[in-house]
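J.: Spelled out, the chains give:
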Amino acid sequence: MQHDNLVEIEDVAFDYGARPVLKGINLTAKRGQVIAIMGSSGCGKTTLLRLIGGQIKPCQGAVRVAGESLGELNQAGLYRLRRNMGMLFQFGALFTDMTVFDNVAFQLREHSDLPEDAIRDMVLMKLHAVGLRGAAHLMPAELSGGMARRVALARAIALDPQLVMYDEPFAGLDPISLGITGNLIRRLTDTLGLTSILVTHDVHESLKIVDYVYFVSEGVIVAEGTADDIRESDLSYVHQFVHGEAEGPVTFHYPAAPYVEDLRLGRQSA
Amino acid sequence: MLKESIARVGNRTLQGVGRIGFAVRFFVAIMLHSGTAFRRFGLTIREMYFSGVQSLVIILVSGLFVGMVLGLQGYETLQTYGSEDALGILVAMSLVRELGPVVAALLFASRAGSAITAEIGLMKATEQLSAMEMMAVDPIARVVAPRFWAGVISMPLLAALFSAMGIFGGYLVGVQLIGVDEGSFWSQMQSAVDFERDILNGVIKSVVFGIAITTIALFEGYDAPPTAEGVSGATTRTVVTSSLTVLALDFVLTAFMFRGLS
Ligand SMILES: Nc1ncnc2c1ncn2[C@@H]1O[C@H](COP(=O)(O)OP(=O)(O)OP(=O)(O)O)[C@@H](O)[C@H]1O
Ligand SMILES: [Mg+2]
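Top line first, the protein sequences correspond to chains A and B.
Following our numbering, the numbering of the first sequence begins with 310 at its first residue and continues without gaps.
Following our numbering, the numbering of the second sequence begins with 656 at its first residue and continues without gaps.
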């Protein structure tokens, strides 16, 4: 049976050791949608993607992908599910001992018996889509940060997965590549009917292409809505984020002792 | 004070035992996921190239020098008893039984073992292993197991080359330089070295060392904290731990293999 919601996250909590990172997140991604997860740095967006990918298990609540609860799957089940997932890692995570071409071809070679000719065509098509067909022979060390990220994007979509997760696809891109990448994500989602989950800081670029946005703060969803809802929202949190204001409910600082105390300004004499 | 230090010792012991437990589980996982390494043997060959061929030069050169030193020292001692004809036996026995497997293993640990740890550790630190898992490819099967089998296959070959070079070095010094009779050098060696007792046991030793070194190297890399210090610390630990393990295992194996022999 087809589930309308490809990803369902229900009341999920997660902590790394003592520090709670997520405290009860609810989130759904409908098939064919691009959804964005936004939030200040360190609020747990990457963690959320890792939960959806099944790399870490929630301490509480359930993560369901295509109707299957990840917590109940064994490794084989998880791997079966992951064949339909693509993930763009925040720092690319390209295989440094392979060329760009082999990186993109990796899954095709691992998971299919396609002849090398067919693989070649498919890889070059994906690389063309991110504008790097000419870089196929380069090693990852020879790429710039933005190029590496685009290769990682090509690799994430190599098998035409149902669900693609992008961890900051826009970071380090110039305005031109940024617009193209945004459109690419939208176009892939529409033409291939896949579902995209986007983690990003780039409010303006992502609002152009997303269907639905979630704002995460302090481990919970503080706001959600369609792109238009978000633009017009007068929630102070969203407003601050959309307009990039320094003052507001979002704190820029990781929890710390009071600044004055830390700098020991209180102690005048030596 | 005393209580604290006792607690610290206990804590470290527990940690050490825990790590041994993890290493054993890791080893079992490698065994269970070795199918790919054999089905796609090209992966293993590639790693044999990296770990085996790159250790080749250091192994050959060291073997030659160790053999030459054996030739000199052996001649000095044997000459006192007037039995310098037995030089061939001495050189070959020491190399095939002990020095070949042990020294080649120590060199392999520092040349290839450290490289394996650093490579796996960096792959982990840069999320390449996570990326592989997310692509539904098991890193143990795809990355770890081929390296393991490559090491296990390379080690006896390298030890054999070490011994061969060593015997050649002993020949150069003993026969060509000092002038021991060439005929008795080779013929005494041939009649004294037993295939099963000497050569086969030497091969068994080096296979065991290969298993130990690659398991330690892979485990340290896989278990390394994903930072620069984490990886460099793991690399050092690989060399220290696997060298000590090789020496300890050598004692145990020798005790079993040669006890009670003349
Ligand atoms: N492996 C880990 N061990 C311990 N704490 C971690 C680990 N990974 C992340 N954290 C903590 O969890 C919190 C959330 O991290 P996460 O990487 O999910 O943030 P993020 O929202 O993706 O941030 P950014 O936008 O900067 O990438 C951070 O405060 C971080 O300190
Ligand atoms: Mg992140």
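Don't read these hints as lab results, they were simulated from the structure.
Everything numeric in this text was worked out from a predicted model, so none of it was measured.
C-beta: ideal position from N, C-alpha, C; glycine also.
Do not take every clue at face value.
[As the list claims (entries may be wrong)] Just a sample of chain A residues kept apart from chain B, beta carbon distances all over 10 Å, derived:
#, residue
1, L379
2, T405
3, E419
4, L493
5, T500
6, S542
7, H548
[Claimed, not checked] Computed from the model, here is a short list of chain A residues facing chain B with C-beta under 7 Å:
#, residue
8, G362
9, G386
10, R391
11, R392
12, F398
13, F404
14, F410
15, Q416
16, L417
[Said to hold, decoys possible] If you want the footprint, here are the derived chain B segments under chain A, 3+ residues with CB under 8 Å:
#, region
17, 777–784
18, 900–908
J.: Hints first: check each against the structure and report whether it holds.
T.: Verification of the supplied hints:
no., hint, verdict
1, L379, "13 Å, holds"
2, T405, "7 Å, violated"
3, E419, "5 Å, violated"
4, L493, "20 Å, holds"
5, T500, "22 Å, holds"
6, S542, "33 Å, holds"
7, H548, "34 Å, holds"
8, G362, "5 Å, holds"
9, G386, "11 Å, violated"
10, R391, "4 Å, holds"
11, R392, "5 Å, holds"
12, F398, "5 Å, holds"
13, F404, "6 Å, holds"
14, F410, "16 Å, violated"
15, Q416, "5 Å, holds"
16, L417, "10 Å, violated"
17, 777–784, "holds (count 5)"
18, 900–908, "violated (count 0)"
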